[in-house]
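Trainee: Residues in the sequence shown are numbered from 1 upward in steps of one, following full-length UniProt numbering.
Hints listed in this document are in silico derivations from the structure and should not be mistaken for laboratory results. A few of these clues could be false.
[Unchecked claim] Taking CB as the label site, the calculated pair distances span:
id: 1; residue 1: Phe-473; residue 2: Met-80; range: 38 to 46 angstroms
id: 2; residue 1: Glu-98; residue 2: Phe-483; range: 28 to 36 angstroms
id: 3; residue 1: Ser-306; residue 2: Thr-462; range: 29 to 37 angstroms
[What the hints assert, rightly or not] Using 27 angstroms as the maximum straight-line C-alpha spacing, the simulated DSS-like pairs for lysine-lysine come out as follows:
id: 4; residue 1: Lys-226; residue 2: Lys-10
id: 5; residue 1: Lys-466; residue 2: Lys-291
id: 6; residue 1: Lys-71; residue 2: Lys-81
Small disclaimer: the values here were computed from a predicted structure and weren't measured. Backbone N, C-alpha and C define an ideal beta-carbon position, used for all residues, glycine too.
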Amino acid sequence: MSDLTGVSLKGETAIVTGSSRYLLCAYIETGARIAILLAKRGANVVVNYVSEGSKKRAQEIVDQIRQIGAKAILCQASLMKPKDIPRLIEAALQISDEGKIEILVHNAALGLEANLEALPHLPRGGRLVFISLAAARLGVAGHTLYGPAKAANDVLVRVWAKELGHSHGITVSCVDPSPVATGFQSDEQFLKDMQPLIDETPTAPRVSEVDDTAPPVAFLCSDDAKWTTGSCLSPHGGLYNQIYIHSMLGKVTGSSSYPVWFAIWTLDYAMSTGAIIVAPDYSLLPEVSGKEILEDMDNFWHWLHSAQFFEMIKSASDSRITPDLDRVLVVGESAGKSFVAESTMAMANKSPTRLLAGYLAMQLALSYPSDIRAVIGAYPVLDLKTKFYTEAYSKPILGVRNFPNEIIEEHISASSTVVTAADPPNRLRLAFSVFQNCRLLEFLGSEDQLFPTNRIANLAATGTLKLPPTFIFHGKQDSAVPFEGS
């Protein structure tokens, strides 16, 4: 059993990239707080800065660390310039008691080369910690480059944990904080859009502070975290418990490129088998009816079997990939959401094709059973006539209290434009209100074809029911898509 000595970093040397400035975003301020906390735990710290404009701030941090009693050194280096990285490494070795760099915290958005340069100086027992952010999982507007760069960290830690574990004895982890109340994320519009989720954050109705992130980083750098690698700690106050909503809400909000609603295991499976992932967007309620959504899916299915689809895959893969539509696996969660990707490992002449959907996956399986090899339904919506969908009562979906009907009425009166993609928090309150106030079937429609259980019963009664091999799983404690509906 560990005592407090396990969190001490006394005598160790740390590089914290992005540790000197308050500019650009809250995560750079977080870098400064991380550097100071590591020093309080006893570490010697390199504080780097990029431009003369940030030198004064960097020097202030160095002075704070020295006042604590730890060693600190100032180093001007840009991780985007490979020639600068050796200077950063040399600065760390100058203040190291053992001529080693025990800790590397990658808080910068880019510049992964710095980690590779530092690896020869990390001893067994060394710590490599990446800092991700909410944009990596939420799809925040304006983060076209920054968000994906941070999202790459989540995958990289799992890969490097395996590559650097046995061979180097180094742990690789990630800290994934929620939106922080500084910098651009204090923008009034951003906070307004996030407010419904902020209000329902379990720990407290607020966004994160920079001091919420530094302690988990310090833990991962300590000896107490020697058995923690390849994983991500999320100091978010429970916010993601509200955000990770199964795609039952996909009929009102969501898109094929929204990563939070994309199950990673499907990507892992596609990569391991050389599959192509095909994921359609479709029209959303309440601007269209359920019948029109099914028409969208039929149109998609016909496009999938068209020459246009084959030409698109051929062009994207330099003619190396030919889709094999005799091996179509339909995978879906809840109502239907998806992420479009083509496996970079699909190098064979023939590749199985994968279609992601949910409620819609089962609808396609019923419509085209002979064209589908198998179906996997994760938390699917099958029986829309259960109490959850037919009665209005208090429904705290994932802990979120009931929203009023007025949200729906205001939306309908203000907009009639058909929407095919809307990443949360856009339309999120609308989605909650639709389900909590028992309005889903009103917008979906009442035709038998819209209800999978009705279709199954009708086909069985006429002796024409055909289904491909189907695997369904559903957790009993799901408050967004109750298991009774499966």
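Trainee: Indicate, hint by hint, whether the structure satisfies it.
Mentor: Evaluated hints:
1. Look at Phe-473 against Met-80: about 45 angstroms separates their beta carbons, and that is inside 38 to 46 angstroms.
2. One distance hint, 28 to 36 angstroms for the beta-carbon pair Glu-98 and Phe-483, is violated here, with the actual separation near 55 angstroms.
3. A hinted range of 29 to 37 angstroms holds for the C-beta pair Ser-306 and Thr-462, which are about 31 angstroms apart.
4. Between the alpha carbons of Lys-226 and Lys-10 the distance comes to roughly 16 angstroms, so the proposed pair stays at or under 27 angstroms and holds.
5. Restraint check: the Cα-Cα separation between Lys-466 and Lys-291 comes to about 22 angstroms, which is no more than 27 angstroms; the hinted pair holds.
6. For the hint linking Lys-71 to Lys-81, the alpha-carbon distance of about 26 angstroms falls within 27 angstroms, and the restraint holds.
When the structure is compared with the earlier hints, a violation turns up for hint 2 alone.
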